[in-house]
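From these two lone chains plus the hints, build me the complex, please.
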Amino acid sequence: MEAISKLFKSNVRQYGMIIALIAIMILFTVLTGGLLVKPINITNLILQNSYILVLAIGMVLVIITGHIDLSVGSIAAFVGAISAVMMVDWGLPAWIAVIASLVVGGLIGAWQGFWIAYVKIPAFIVTLAGMLLFRGLTMIVLEGQSISPFPGGFTQISAGFVPDLANTATNMIAILAGIAFTVLYVLNELRGRREQLKYNFEVTSSTLFVLKLVLVAVILNLFTFMLASYAGIPNILVLLLVLILAYSFVMNKTIMGRHIYALGGNEKAAGLSGVKTKKVTFWVFVNMGVLAAVSGLIFAARLNAATPRAGTNFELDAIAACFIGGASAAGGIGTVFGAIIGGLVMGVLNNGMSLIGLGIDWQQGIKGLVLLLAVAFDIYNKNKRSA
Amino acid sequence: MSEYLLEMRGIVKTFPGVKALNNVNIKVRRGEIHSLCGENGAGKSTLMKVLSGVYPFGSYEGDILFDGQTCQFRDIKESEQKGIVIIHQELALIPELSIAENIFLGNERARKGVIDWNETIVKTNELLKKVGLSENPNTRVTNIGVGKQQLVEIAKALSKKVKLLILDEPTAALNENDSENLLQLMLEFKRQGITCILISHKLNEVSKVSDSITILRDGQTIETLDMHRDEVTEDRIISGMVGRDMTHRFPERHPQIGDVALEVRDWTVYHEHHADRKVLDGININLRHGEIVGIAGLMGAGRTELAMSIFGKAYGRNISGTLIKDGKEIRNNTISQAIDNGFAYVTEDRKEYGLILMDDIKRNISLTGIGKITKRAVVNEHEEVLVAEDMRKRMNIKSPSILQQTGNLSGGNQQKVVLGKWIFSEPDILILDEPTRGIDVGAKYEIYTIIHQLAAQGKAILVISSELPEVIGLSDRIYVMNAGQITGEVNREQASQETLMKYMTKTGGVKDGSDKQTV
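Note that the protein sequences, when read in sequence, are chains A and B.
Counting from 1, position 47 in the first sequence corresponds to residue 40 in the working numbering; the numbering is continuous, with no gaps.
Counting from 1, position 277 in the second sequence corresponds to residue 1234 in the working numbering; the numbering is continuous, with no gaps.
So that you can see chain B by itself, here it is in the shape it has in the complex (with noise of 0.2 Å):
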């Protein structure tokens, strides 16, 4: 039995116009942790398709060795029956199936064709051990959180006796609790003597699990790190990922804040569906001209159902309390009346909820501002490509032309897409829920920069994100949020996570702004 598991040879791998892989190497050794690191569009989901039977033998260049065989999958059953097994980004679960059901989903516990519910279900509670979830099998997934949907794919790689389990941004949209539990059912999976590897944009948790990574960039293996031997940072690894040496995360900026732009008063928002449920309880934050303030909070805090009842009443019923902009009071009743009223809210979900995946670029960038460039009802379709090219330069939007289909374009380029369609609206109040949520380390760079460059325009800007180091990074005043309350308010200067944690965990609001605590 040879060291490594997994050996990827001179992969490349062609799209028309593209090289996506061009001659990548990997060895993955026995029971490690091997993360993949890269930028978007780097490759690795293109060379994990490739090791899955996702694009069939034939289709790439290159040999695949596992378990010291040559294996030339044609599609992704024969790979599983390797025992490879891969997780993707976006949770491939039913919603409306049970977890049991899900689990066993193509690969039912049946005698003859008739399914044998009592095995099925016994072997459910076994594996929902195995990963540390103690849910009823019988429950629907769609009634468990995000965070126990990833344990319940887990469990369903488990079932298949898996080999090398590959592990496609887990945490992308879990909370920091949530990750902490995954990253240690990772390390207890390597106890018994499973292989991962785990694709990451989020280098603490690379760092943390991993026992070597892997960088690619444009399409080629540029190292692979062994943690163990090398001394490896987390600055380390951006420089291999970006080619560059990355010594700030966040670009430099000179606050100027100037008046209140919008202070938000006694907001009380009732769930959607559950009437009686409040979602937020009487929320007091402002922000001021040129100020880039965070919201900082678990899951389910309340953030982005702050920002969507704000932005137009986009979500939540029964919603009472005051706005104020610019001193005046105003109503967001429609989403349409906020934007006139010079809001922009920028979404966590990109996919569902930002973009038009099947339009190109120009049309996603003048829909919302559409009127600045319409007279007497017509649209001007030529300042329209102006106005589209302006953007795709301005907001550095890497595409052959502003005609690509936005569903065509890497996460940073969608985001900048999503960005750039907002602020040619002209705001004045942009929310942005998770802007940087799946997108690489450059593009992030790249985005922080143009938040930067809107406040000093002195626009008033409310950054809503899970990253802790985001968050601290880039405000200059962040208010905490937990279960629809505000429960602190920190200035820039005394942000540390420990800080943050203390009151995203901590029960009970601040009733008022004024009682700002410092700690």
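Pulled out of the complex, with its shape left as it was, chain A reads as follows (with noise of 0.2 Å):
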């Protein structure tokens, strides 16, 4: 028991999130009478969160800068329209259009990214400018209409689902992949603690070990088995686990990633210490663009529409995220996985009021203090430890 507190407190932002995330979804069980973890509305959380937490990716990493993206929005909005103009006005197949709109994602991150690391405006300013100008220009490529329908290949991306093996009652492969995913992580973290053990490092005890992976296998396999008894595995949520285990592995294990965290810690050390400032910030932007343009292609895909209005508000819910899961507005600290959770945290809280019939005037109003209690409570455990 004594080791498991110690556990706890040693990571008390990372699982501090994670039982938020689980009592609000246990709240919110018994709140709606289960509705909340019903197979179809569990498949659907995922659908409807999906662009925030990919915007959230990409957020986490310019806040982990120390800077800030409020275009995200009216870029997704843009990318989702001129991707319709291809697709619907000029007939181009829909894979050329999305590899064009993510380059047009990318080319505003760099156009972005420019102003931020070369000339040192300020990120607020410069995304300020570029939420209004690309809101403007998404209304003047649409014109003021919405353009629909995308070809039926476009909007499999949001709608889709990872096709199954047999026809059978419950998807067999949403099945076998939890139990994949079970396997491959119990197997690396298996290898992680023989690595740790071979440097003669400190590990965690056995008992808790196991005690660990049993835990994430039975969530693990409970989600798949959700989806299974549903439709199967959306084909969102295969993109989403890509981006989010490439960019953790990025953020973590890579040159790249610690320079990000060492410029958003300390710009002038940093850059002192070799890391190339100006470039690593103007990478991080183009990066922003990228997803944004990613998370427009996929909001489209899911509206089977492109409107003028998409997109609205989405660069607070993915800026809310980053800082529910734990990242400092000041720089430096924060994670892709607790971006997800955070996005994840107000995803469900959405659903979940949404269920119970809570008009939107008061869900506004609690998920601007669950952000603000989230924040504050992170800072009294900062100080706490200081102290």
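None of these hints come from the bench; they were simulated from the model.
Mixed in with the good hints there might be a few duds.
One side of the interface only, derived from the structure: several residues of chain A facing chain B at Cβ under 7 Å [as the list claims (entries may be wrong)]:
1. 186
2. 188
3. 192
4. 193
5. 248
6. 251
7. 255
8. 325
Simulated crosslink set (DSSO-like; lysine-lysine; CA at most 30 Å straight-line) [stated by the list, open to error]:
9. B/1086 / A/246
10. B/1039 / B/1086
11. A/246 / B/1350
Listed next, with one range per pair, are the computed distances between beta-carbon atoms [what the hints assert, rightly or not]:
12. B/1297 / A/178: 53 to 61 Å
13. A/352 / B/1074: 50 to 58 Å
14. A/188 / B/1334: 30 to 38 Å
15. A/322 / B/1051: 19 to 27 Å
16. A/249 / B/966: 55 to 63 Å
17. A/197 / B/1278: 38 to 46 Å
18. B/1076 / A/352: 22 to 30 Å
19. A/190 / B/1134: 54 to 62 Å
20. A/188 / B/1297: 57 to 65 Å
21. A/178 / B/1284: 50 to 58 Å
22. A/306 / B/1029: 49 to 57 Å
Beta carbons: idealized from backbone N, C-alpha and C, even for Gly.
Structure, rendered in structure tokens:
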């Protein structure tokens, strides 16, 4: 028991968020009489929040470098609009339109990154300008109208599911994926532990280690079972997982990731240590532009339309997700995993409150309070530790 | 009225896991200058925070008697009302406000919330006169030098009817001239009956102005020396601080000097913001393998600018001149290019420019040389731990583990982390800018030892220091700078504080290195 509490205390940030997420889920499961954890609703939760989660991944990188990006909602709308023009008006194949859209996203990111990294205009101002600029361009491109419908292949990004092996009631591919991930996870953890022992590092006690593995395995398989009993694995979930894993890897294991954290922690010191601060900042914004484009495409595919008001307030949800997930507004602190958990907290709140029939007015207010309290809790913990 | 203005009795202050103060006793006489000496982490700052109410009553044990009354301060405001004013090492002035605004910040001369600017200016002029500063009260603080800013801080303290003035490392950022002025000012205050507590690592200053010295070590009072009664030498103070006899302040060394490692020719640099202002003018210096070369100079002589402009043009614009490393001409156009060329620059400001304070020791050490433990773009985190652990042992960094946040380390240990980072990057040429600023005697000795080891490995080392004894004690050869030029070059045997000071105040450079001065 003592070991558990010690483990918990040293990781209060990480576990705190997960516990909060679970608590909120339990709360709404009770309030909605189990509706929240129905397979169909779980699948919906993923579909509904995917575009915010994609933004949150890019946003957490921006926030770690000590900046902010207010323009992502407008960029998402703009990219959705030009993709619609390409596919619907010009009849281009979906794959060409998607690639072109991602390139446009990257170029927009490069445009903003240039002003921020090289001209040193505060990101708040550059992206505030971008927010207005790209919203305006969206309306110009769409001429104030919505464009729809997209070709069927394109909408599969957001509406489709990974095809099943056989036509059974429960989706076998989802069950198998759950098992496969569990095996991979366990093997990876075992390998890590073996390495640590090889280097003579301290490891958690084997009981705790097994307990953690079992817990993760149960949650993972319960989740895939839920998906299996509805329609299987949404395509978008595959994309999300790839992004989460790839970005976590880059942030934790590569020099680029180290440089992003160092830059956010102390730009001057990082620069004098050989980090190419301008270049790193520039590429973080290019990356944000590309992910905003991805998000815009997902949203357009989900709506099956490009609309002038698409993506409104996406930036605020993405930013809130990062801060709930433990990122620091001063830079240098934050994780991709945290931002995803933060995004899910917001998503479950939205979904749960809608299910119990709470109006949009109450939803907004409660989300605001949750954001404030989450960050207050974080700062309280930090102060307690440093005092 | 008792003889003592301040008595602190049996002060105990505990932080989670550490007893920072363990039964500290200190008695300060009225109208004296009382110095507080101790290594970093000995508890000086903690004691002053207890006294000034930063740590409120109840969070420590023991009694504080001030002016005959028992005090239970809940915050700084309360201690200031009693006339206890503390001036911190890091100045607390707001750069964009004027001198007058800064002095009366939080204490505005106002009627019903409306500021009376005339009164403010008149009062400011009075105060500036007292501290001997002739500046317009409307000058913005950012436009005056650090030395003058220090005086503004003191003027601000005087505006509060101060009875006990506490100065925490007041001369750490000052050059010799400004330091001397400040010490004179303290003596002047003493004549006016203001009691002072001086915290300083500069023992020559301490022994010059103090009436008594209390020495702290490991959170305990070791002794109080009476400067007028006891025979107190600097070595006597040092042995009290470190708990051992320190016969040599510099470790012994037998230099083995090799070929020229770096030559800087006709190095001219213009000011970063004022493009027409020459900061460095035709500098010619060289460094040999295994040699420690010092650069002496007053503040503003251009020492840091020289170091940073060589290190990948980290400072200045329109830089012209040649760098020749091991006989070959090289270019240091960016910092990463300089690092690739085997340069390292340990900054004078480790908190601002040296460390990622929110990161742990491990990540700070691996930052520059991370390529060495990276395979196909993936950092080997296990290797990283080993490297950091090894460096912690080699540098004798005192911390529970390599996962300790560098922001929580003492100055000496922070400096060791910065040095460790650069040692891990395996440079050939190390530029050390004020390597021992603000760190205690024990840690200084350790840093000197590390510098000696690096030189013994054949690395060329350039040391910039404002403390003349340090430059002299450490260097094989010393360049002296003034106003952006090299004004002299002195060998170890000829170096004395007087010689260096002469060149430091001389104008007109020695254009080529051959014109060696022998005095």
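Item checked: Hint check, failures only -> Hints 1, 4, 9, 12, 14, 17, 18 and 20 contradicted; others consistent.
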